[in-house]
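**Student:** These are the residues of each chain, in order.
There are 2 protein chains.
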Amino acid sequence: MRVAVLAAALSLSLAAQAKEGMWVPQQLPEIAGPLKAAGLELPPEQLADLTGDPMGAVVALGGCTASFVSPQGLVATNHHCAYGAIQLNSTAERNLMKDGFNAATLADEVSAGPNARVFVMDQITDVTDRVKAAAGTLSGIARQQAIEKVQKELIAACEAEAGFRCTLYSFFGGQTYRLFRQVEIKDVRLVYAPPGSIGNYGGEVDNWMWPRHTGDFAFYRAYVGKDGKPAAFSPDNVPYQPKRHLALATDPLEAGDFVMVAGYPGTTNRYALFDEFQNVATWQYPVVGQHLKNVVAIVEAAGKQDAEIEVKYASTIRGWQNAMKNWDGQLEGFRRIDAAATKQAEEQAVLAWLKAQGRDGRAGLAAHAALVKLAADARATRERDLVIGQIAGTGLLGNLRMLHRLAIEAAKPDAERAPGYQQRDLPGIEGGIRQLERRYDPRMEKQLLAYWLGEYLKLPAGQRVPAIDAWLGGNDAAAITRALDATYGATTLASTDARLALMKADAAAIEANADPLLRLAVALAPTLKQMEDVAKARAGDGNLHRPVYLAAVQAYKRSQGQGVYPDANLSLRITYGNVMGYSPKDGVAYTEFTTLDGLAAKATGEEPFDAPKNQLDLIAAMTPAQKAAVPVNFLSDLDITGGNSGSPVLNGKGQLVGLAFDGNWESVSSNWVFDPTMTRMISVDHRYMLWIMREVYPAPRLLEEMGAK
Amino acid sequence: MRVAVLAAALSLSLAAQAKEGMWVPQQLPEIAGPLKAAGLELPPEQLADLTGDPMGAVVALGGCTASFVSPQGLVATNHHCAYGAIQLNSTAERNLMKDGFNAATLADEVSAGPNARVFVMDQITDVTDRVKAAAGTLSGIARQQAIEKVQKELIAACEAEAGFRCTLYSFFGGQTYRLFRQVEIKDVRLVYAPPGSIGNYGGEVDNWMWPRHTGDFAFYRAYVGKDGKPAAFSPDNVPYQPKRHLALATDPLEAGDFVMVAGYPGTTNRYALFDEFQNVATWQYPVVGQHLKNVVAIVEAAGKQDAEIEVKYASTIRGWQNAMKNWDGQLEGFRRIDAAATKQAEEQAVLAWLKAQGRDGRAGLAAHAALVKLAADARATRERDLVIGQIAGTGLLGNLRMLHRLAIEAAKPDAERAPGYQQRDLPGIEGGIRQLERRYDPRMEKQLLAYWLGEYLKLPAGQRVPAIDAWLGGNDAAAITRALDATYGATTLASTDARLALMKADAAAIEANADPLLRLAVALAPTLKQMEDVAKARAGDGNLHRPVYLAAVQAYKRSQGQGVYPDANLSLRITYGNVMGYSPKDGVAYTEFTTLDGLAAKATGEEPFDAPKNQLDLIAAMTPAQKAAVPVNFLSDLDITGGNSGSPVLNGKGQLVGLAFDGNWESVSSNWVFDPTMTRMISVDHRYMLWIMREVYPAPRLLEEMGAK
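Protein sequence lines correspond, in order, to chains A and B.
Residue 259 in numbering that gives the first Met the number 0 sits at position 260 of the first sequence, and the numbers go up by one each step.
Residue 275 in numbering that gives the first Met the number 0 sits at position 276 of the second sequence, and the numbers go up by one each step.
Everything labelled a hint here was simulated from the structure, so no lab data went into it.
Mixed in with the good hints there might be a few duds.
Heads up, the list lumps identical chains together, so a pair's fine if it works in one copy or across two of them.
[As the list claims (entries may be wrong)] Calculated pairs, DSSO-like style, for lysine-lysine (alpha carbon to alpha carbon, straight line, at most 30 angstroms): (1) K584 to K612; (2) K652 to K708; (3) K324 to K354; (4) K151 to K457.
All values derive from a computational prediction rather than experimental measurement.
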């Protein structure tokens with residue numbers, strides 16, 4: 000008895016420590032003990048095998064995470080991760096976002112789009128020496144170009160064998176580099192998505208919120224050529240047979256249980272400078288956030304007038320709304336925990352510690368000063384960079400700008416082209432060109448550009464762009480309207496075929512083209528190139544100084560007995576902890592699981608609380624015990640962020656218990672300053688997924704394939 | 000061990016049953032077992048002694064409950080119960096509502112106002128036989144008058160000895176009558192009230208809400224003549240020495256602990272007909288509620304322009320706001336538990352059961368039909384009754400109308416006067432006349448009357464009142480303005496002395512008085528008298544039928560094994576249960592206690608979250624253990640309602656652990672249909688009270704007097 004009690008006490012204190020940390024697989028020896036203590040039943044070393052069981056089943060979608068859940072390449076991810084594919088296959092007559100999608104047979108599974116990918120981990124190689132050797136003591140743009148060059152070389156060599164996609168990841172601002180090689184599956188099909196009233200139940204109202212009742216899951220399937228090798232979409236392709244797939248949990252998940260997540264978190268900024276934090280907390284989130292709110296309002300108003308605009312911009316608007324709400328949540332969290340004071344105090348402690356090291360601290364202090372200067376330089380033109388970036392990136396104009404750049408880059412040998420414009424990027428570019436026709440409406444694009452051009456007119460004279468001024472031919476709203484009407488009225492490049500043809504054109508041909516929108520795109524190029532070069536020079540300098548400073552931060556943290564893991568960077572991470580609620584404020588506790596009764600209680604019949612009638616009828620007919628067996632969503636204290644969406648949640652046996660799909664409102668500020676008391680992950684329980692697939696929107700074929708009882 | 004486990008299990012199930020029930024003291028034998036099982040450590044029979052310890056310490060204030068907490072007549076109640084007295088002693092220069100009041104010595108204690116009372120229980124006598132004999136088989140107004148007559152006789156006999164106030168209470172709609180005799184202490188003084196930023200922390204925002212951090216407590220002192228007998232305010236009076244006073248808890252109150260409340264709950268309607276429920280749920284709460292919102296908005300707008308209006312109408316507006324929020328909460332609760340369906344099903348079950356009784360059920364069925372008819376009659380003129388009632392009851396006009404009626408009644412022998420206009424009522428009437436000068440502003444009264452007169456103009460022609468039409472001399476807003484300006488511009492009765500003089504005038508003199516506002520009051524009298532007679536006739540008929548029907552309901556409930564207690568009627572009740580949180584919705588739990596940290600987290604510096612700076616500084620300087628020793632508010636599953644405000648909350652030893660001051664938002668609908676899952680009482684913890692009096696707004700004199708360590 001005493002041993003058990005001791006173990007329990009130990010596991011509790013370690014679990015409390017375990018909350019923070021997006022650990023790289025290479026750190027498994029470091030966290031093996033805490034993992035076991037927290038409740039992992041597998042040998043921790045088993046997790047180090049990234050192509051073994053269960054890690055080999057975890058895949059990246061590019062921006063989301065997913066996992067194989069059958070030997071036939073069935074992939075589970077979030078509804079919101081598959082949303083683009085669901086939208087792409089929707090028409091005015093057949094609204095899959097609303098009604099769901101349920102392929103009766105393999106033959107009914109539809110393409111998730113030309114850009115959809117499933118990336119299966121193959122190997123990770125430490126290439127720090129290669130990159131450091133190439134960068135040497137260079138600084139500025141030369142350093143960045145040297146790194147880009149070696150990056151391209153490394154990737155080219157890595158991708159020499161067909162079917163792989165390679166990515167170079169930098170850790171701690173350039174302290175360590177790792178080259179990921181992943182099988183790149185290019186034929187991804189939509190298999191199953193519940194109706195939006197399940198998959199997006201609660202919508203924007205509940206986004207980031209607890210209590211939650213969202214069935215945020217969907218299924219893809221990975222297809223390959225008959226030879227088993229990745230291939231572009233073809234009716235002849237066959238389901239991919241992954242080496243590993245996840246098994247469904249055999250024991251019911253309960254409060255306090257161990258859970259872990261492997262996935263591809265996008266970005267955290269826990270090692271950012273105080274000045275960089277302040278730029279975000281006092282400008283980006285409040286000021287840029289207000290711009291996002293303004294453009295969302297413009298699109299919503301237009302969508303209310305016109306269903307076509309509403310459908311075409313649904314996915315775009317969703318991204319903005321998510322960011323806005325996230326940013327507001329971060330600002331709220333910053334206030335709650337006084338993040339600015341914490342951040343500043345932390346940095347001051349590091350600097351004081353460095354000063355106390357005397358000679359040994361000087362490099363770190365100098366690097367810090369250099370980074371502070373870089374941050375100040377970037378702030379000086381942030382308004383212009385925002386406005387020009389938004390204008391240049393908007394829909395059709397952005398598409399044409401990319402085609403022009405492609406023509407310029409295509410003239411160079413492949414290895415010398417800018418990243419994103421190499422041979423390997425062409426399918427993605429083509430996908431983007433084709434996809435635009437589903438996401439573009441000239442009336443809407445003109446309104447969006449009019450908004451940003453209005454902001455452009457507010458820039459100080461020294462930051463104005465002559466090419467835009469010339470195109471506008473005036474300095475007021477009337478000029479903007481005239482220029483946009485003339486340009487969009489005359490362009491012929493809204494046609495996908497016309498744009499696809501431009502993929503083959505050389506720069507001279509594009510620059511000679513009389514299409515007025517293309518001329519605008521071409522006219523913007525020098526300014527954009529100049530902005531890009533400045534950014535690269537800053538990146539190069541940052542790459543020189545940041546590893547030095549972060550090495551000092553690491554040394555300081557270790558001197559304080561704190562664990563150190565690198566900021567999220569879209570590379571594979573492991574995080575673990577326990578099913579656990581939290582107290583959002585005094586007198587209130589958020590409990591671990593939500594229930595079908597809670598889901599029904601939220602139903603209003605109106606979107607986003609328009610639970611399907613048959614679901615509500617089923618719930619009404621269930622006994623309490625039946626309902627208790629189907630938890631809907633659950634909380635745990637894992638450390639995740641955007642990019643982890645769709646990540647499989649595994650129990651101590653490595654079995655699937657759910658899919659991560661959100662962080663709670665109070666956790667979003669943890670991207671900058673971790674708050675252990677309130678940071679929670681929100682997951683959809685696999686028992687709810689199975690119940691939906693069994694009773695509400697039945698998919699017996701998939702249940703059988705997944706081995707569900 | 001087995002015995003202990005069994006006892007615990009038993010106590011749990013009984014505690015769960017115990018939640019519902021406002022038990023009359025006469026039911027103590029019935030609830031003695033459950034009380035002990037729930038955790039009462041005193042012998043239950045000790046509670047049956049209403050002048051013993053601790054029940055003898057519980058007193059009524061008329062609308063609120065309170066308790067003696069020292070041998071020198073110190074009375075603890077809610078800040079909001081003492082609000083009228085606090086307001087009455089406030090001036091523009093000395094705002095006690097804002098700054099609090101803290102009498103340094105006995106001599107500094109100030110009168111709580113001429114109408115303030117402390118009623119100390121003396122005895123309860125069952126007088127059912129007397130009343131039933133008097134009413135016989137009479138019906139309509141004759142029955143009501145017969146009951147009023149015997150009521151007056153009983154009260155007169157009971158009050159024959161000076162210093163007592165007697166009240167006749169009817170239970171189960173006239174099934175049982177009990178005569179309460181209470182010592183009526185008429186010199187009540189304000190001793191201590193914390194600043195509004197403590198006593199009303201959270202204000203209307205937090206009203207009815209959890210989590211809560213309100214220091215809703217204040218102290219009065221009861222004074223009597225030197226002979227120990229009740230006497231009107233005099234500087235020569237001395238503190239009353241109560242037979243009993245409450246001791247402070249010796250053990251810290253914790254989650255799950257037994258608590259009980261004795262107090263004077265005002266009204267519940269758990270035995271109302273479905274039709275009566277519907278009238279409230281579909282008309283009174285939504286429609287009359289909207290009128291209240293409208294007049295509150297009018298007063299608030301005027302108060303913003305003028306501080307004098309703001310102060311004078313603060314108490315009035317608070318009452319309306321409380322009602323509005325309560326009604327909205329009841330409507331929300333009705334929807335949540337589908338109260339209409341429950342109510343209808345319950346009534347149908349009773350009727351079906353009665354039908355099944357054959358001959359024995361006929362009386363009950365006939366009584367039910369008669370009550371349904373009475374409810375329909377009342378509904379037919381509800382709009383008119385509301386509008387005329389509001390007009391006739393407004394401020395100065397209401398005061399004059401009362402003086403006219405007093406003159407009419409005063410001409411009769413005392414025993415034949417209408418209730419409320421007898422000799423015994425004169426001090427109360429005089430208090431009301433004097434108090435008006437602190438609560439009246441002609442500009443505001445005109446606006447309020449203009450609102451209701453606007454509603455009057457919407458009444459159907461058949462419901463119009465010729466006297467009002469004649470006075471208005473028109474049918475539009477302009478006529479209303481003209482009539483009000485002329486009347487209020489010329490009246491001289493805003494003078495308190497002038498109105499006090501009218502107390503001595505006979506009806507003829509009043510009816511001959513040329514004051515235009517008094518003429519309006521006189522002109523309204525016949526209509527009001529007619530409305531009163533109709534109401535009395537309905538009351539008489541109700542009194543005939545309701546006991547018959549409710550006897551059937553009781554028999555039905557007992558046949559179903561359900562406990563039966565009468566609806567609240569301002570008479571003394573006991574309710575008990577446990578310190579217990581609840582789940583307001585799926586995924587959320589409200590925990591039992593709130594903390595000083597939670598209080599500080601709410602502070603914004605702006606009313607109503609303007610916690611005093613010294614309080615926040617003190618909290619910031621406390622250790623976690625020190626803060627843990629001072630819970631702020633707590634939840635328990637006791638069954639209370641308005642009138643219970645200020646009730647002492649007692650632990651299992653009968654010691655004071657706090658003061659009840661509110662129900663939670665989800666409980667308010669329990670006045671009509673009890674919801675055991677969400678009905679909770681909110682109390683201020685005595686440890687918070689003592690901490691405030693020790694550290695924040697110190698009152699060492701009172702702490703010593705209460706025996707606080």
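**Student:** Hint by hint, note whether the structure agrees.
**Tutor:** These are the hints, each one checked on the structure:
1. K584 to K612: between (35 angstroms within a copy, 21 angstroms between copies)
2. K652 to K708: within (18 angstroms within a copy, 56 angstroms between copies)
3. K324 to K354: Neither: 40 angstroms inside a chain and 60 angstroms across chains, both beyond 30 angstroms.
4. K151 to K457: neither (40 angstroms within a copy, 82 angstroms between copies)
In summary, the structure is inconsistent with hints 3 and 4 from the numbered list given earlier, while agreeing with the others.
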